[in-house]
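Asks: Residue strings, one per chain:
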Amino acid sequence: MKLTGAEILCETLTRLGVKHIFGYPGGAILPVYDALGKSKLHHILVRHEQGATHMADGYARATGGVGVAMATSGPGATNMVTGIATAMLDSSPVVCITGQVSSKLLGTDAFQEVDITGITMPITKHNVVISKVEDIARTVREAFIIANSGRPGPVLVDITKDAQQATAEFDWEASAPKLPVKRQRNNHDQEEFDRAVELLNSAKRPVILAGRGIILSGAMRAFEQFVHTSNIPVAMTLLGIGCFPASDPLNLGMMGMHGEAWVNNAIQEADLLIAVGMRFDDRVTGDLRVYARNAKKIHIEVDRAEINKNVKVDAAIIGDAGETLAALLPHIHERDHSAWMTHITSSKGDSAVRDIQSLPDSGHLYAAHVINDLWKVTQGNSIVVTDVGQHQMWEAQYYHHNAPRTLITSGGLGTMGFALPAAIGAKMARPDAEVWVVVGDGGFQMTMCELATIVQEKINIKIAIINNGYLGMVRQWQEFFYDKRYVATPLVAPNFAALANSFGIRGECVTARKDVIPTIESARKSEQTVLIDFRVEQEDSVYPMVAAGAALNDMIRRPNNPLVETATEP
Amino acid sequence: MQTIVAYVQNKPGVLNRVASLTRRLAINIDSLTVGPTENVEIARMTICAHTDERGALRLEASLEKLVDVLLAENISDRPMLERDLALIKVAADQQNRPHLMELIKVFRGRVVDVAPESLIVEVSGTVDKIDGLLEVLRPFGVLEMARTGRIAMTRGNDLLRPPAETPAPEATAK
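As you go down the protein sequences, you meet chains A and B in turn.
Residue 1 is where the first sequence starts when you use my numbering, and the numbers rise one by one after that.
Residue 571 is where the second sequence starts when you use my numbering, and the numbers rise one by one after that.
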């Protein structure tokens, strides 16, 4: 059967199981859009291509499947760059399809021509230009494999307009993927494995560092078994949150720059760290020279390039997290670490006992209140999508996630403007789930144009803007490290509720603590998107804080004021 | 100095990806050579990088993450041969030419072009050997030099072959 390249693309995507494409049309991708109209694929028209990539990313993070974004050549493609880099840093399987000028015009600086494969080379797992119609089906199938195998990541496929327009025989069998045959490394090193087992069975103060690799591997059950057999307490990375229930007594909480104090202290006092699917990012280690100096380290990681990159480890097991944990399990002795746990929990006391709820309601609205209330009302069952900054850290501290893929956030790249579009993607992937956007007033203003996408697609998500009138996290750094010189951080915002109304979205504004829960409850009852503008304390900071480059246990603690560092069960 | 041998897909853009990677890892390349192998679809690279063992390990592992890199291996600590080839144009006149030829002979270089006021030496061997000859020639006046950069191969039974064909499984969106 002869089809145009554009039709072949749509047919290939359909056969690969794609249902949604987030995109924006333009000249060089127009043949594909024409074919899209005749296909069963659901195209979501975004308002900016950055939004398309974040939506595809959110879609991928919510399900574990591949998210697809589409844009035209030139500015359409370059607008995707931030979203692609976001997906790259957080290992998210996204396939971006861009139109390109006709092959005979390549290299001539034609209208809307840009070398997008050159631009995205360092921020994609792989990218490719297709200039022949015959290559479309095979290459797109290969892109899907690359994006979601091993350590996932974004793949960009740039298709010239003439390849979209030309016709070719469409033959699914003949277009089977033909990826280069790579050397299969035998990553199993018995010596390293045995050393890891020995370390695990002899440690007295062990801590597991759990990362996103566990979620990507789908290793939640294997991980839980491993933890409950070894009785080793678990510290989470930001992106690891959800891989192990927050309600489990062995779950200590988040580590790192804004990690809980007892978690960071436990890591610094540990005699063994077992890192699973995490990469010792500078935000979780602090000063490497004094990082967990007394601890031996085991690294379980699928990506060989991460081993010994930041932290020199004593035993490295390269491989899928689930498979590795399952292989280790029979060798692990059931051990009693209750003394160590008691020690950790005792240091938890000084901050955790000051329960957020026992605070007098002075009328002030704190972000921590809002997020903690949101957690209580949703019983921790919502998918929460956050941006980057103070609200993101408060969410990680005060919203307790029990299930994987329920916290979607831009970790590695720290992309402002991620939350709203990523939440749209997550909702398209999980229409059954309740999706909350928790976003700052700064980040929201970066991509708020996607409110129109919500209306056009009749999407039901809930948006909680943590509005403090500042670029809060930057302001916090200015407060701590630049003598409160608030340069370029005070932020004027529109009346968000009125703005929402102008899009046809219900908007609410909350300024007092007593209104938080009723407004959240009322928003949840609505079948449509509701935006709530929470006007919170302007100069509140996230505690504890490890200053960039400081030792992990060298934390700036909250001064004695009415707010607490963490919340406990309601 | 670390020596990494890589087999890559012989197609446009692969060199760019490899170079882009070393730049991203902030590893300085001393020499990078690419040439065809007995299989036309596969090219072989020898990368000599200014880095330590840990850097080389990271480079090697990161290279193998590139789809078009079939294999990358740090062979710095293994018994191996390294060869570099240079063409050196030296100033030479009637008087010093015989003396010059003597020196070149000691280094097993070959004179491949003779002109009234210069000659071209072709010399291959280890980097040290070529650097040695260069030092000796410098007083005569080195007018021009071209070097290929190093190629390397492990000795004996230590074979570094590109991997054989095996099909990959397919993924879907869900």
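Worth double-checking, as some hints may not be accurate.
[What the hints assert, rightly or not] Partner residues are not named here, just some residues of chain B that face chain A (Cβ under 8 Å, in silico):
(1) Val575
(2) Leu627
(3) Lys635
(4) Asp638
(5) Leu640
(6) Asn644
[Claimed, not checked] Calculated lysine-lysine pairs in the DSSO-like style (CA-CA distance at most 27 Å, straight line):
(7) Lys635(B) <-> Lys309(A)
(8) Lys699(B) <-> Lys178(A)
(9) Lys132(A) <-> Lys581(B)
(10) Lys182(A) <-> Lys581(B)
(11) Lys312(A) <-> Lys581(B)
It should be emphasised that the hints constitute simulated quantities derived from the structure, not laboratory data.
This structure is a prediction, so every number in the text was calculated from the model and none was measured.
All C-beta atoms, glycine included, are put in the ideal place defined by N, C-alpha and C.
Asks: Between the alpha carbons of Lys182(A) and Lys581(B), is the straight-line distance 27 Å or under?
Replies: Distance of about 16 Å is within 27 Å: holds.
Asks: Taken at face value, is the distance from the CA of Lys178(A) to the CA of Lys699(B) at most 27 Å?
Replies: This hinted pair is violated, its Cα atoms lying about 44 Å apart.
Asks: Does the interface hint hold: is Asp638(B) within less than 8 Å of chain A, judged Cβ to Cβ?
Replies: holds, 6 Å
Asks: Does the structure keep Lys635(B) and Lys309(A) at a Cα separation of 27 Å or less?
Replies: holds, 15 Å
Asks: Is the hinted pair Lys132(A) and Lys581(B) satisfied, with a Cα-Cα distance of at most 27 Å?
Replies: holds, 15 Å
Asks: Can the hint on Lys635(B) be confirmed by a CB-to-CB distance to chain A that is less than 8 Å?
Replies: holds, 6 Å
Asks: Should the hint that Asn644(B) touches chain A count as held when the rule is a Cβ pair under 8 Å?
Replies: violated, 12 Å
Asks: Given Val575(B) was flagged as interface, is its beta-carbon under 8 Å from a beta-carbon of chain A?
Replies: violated, 12 Å
Asks: Given Leu640(B) as an interface hint, is the shortest Cβ-Cβ distance to chain A below 8 Å?
Replies: Interface hint status for Leu640(B): holds (5 Å vs cutoff 8 Å).
Asks: When the nearest CB of chain A is found for Leu627(B), is that gap smaller than 8 Å?
Replies: holds, 7 Å
Asks: Quick one, are Lys312(A) and Lys581(B) close enough, alpha carbons at most 27 Å?
Replies: violated, 36 Å
Of the numbered hints stated above, those contradicted by the structure are hints 1, 6, 8 and 11, listed in ascending order.
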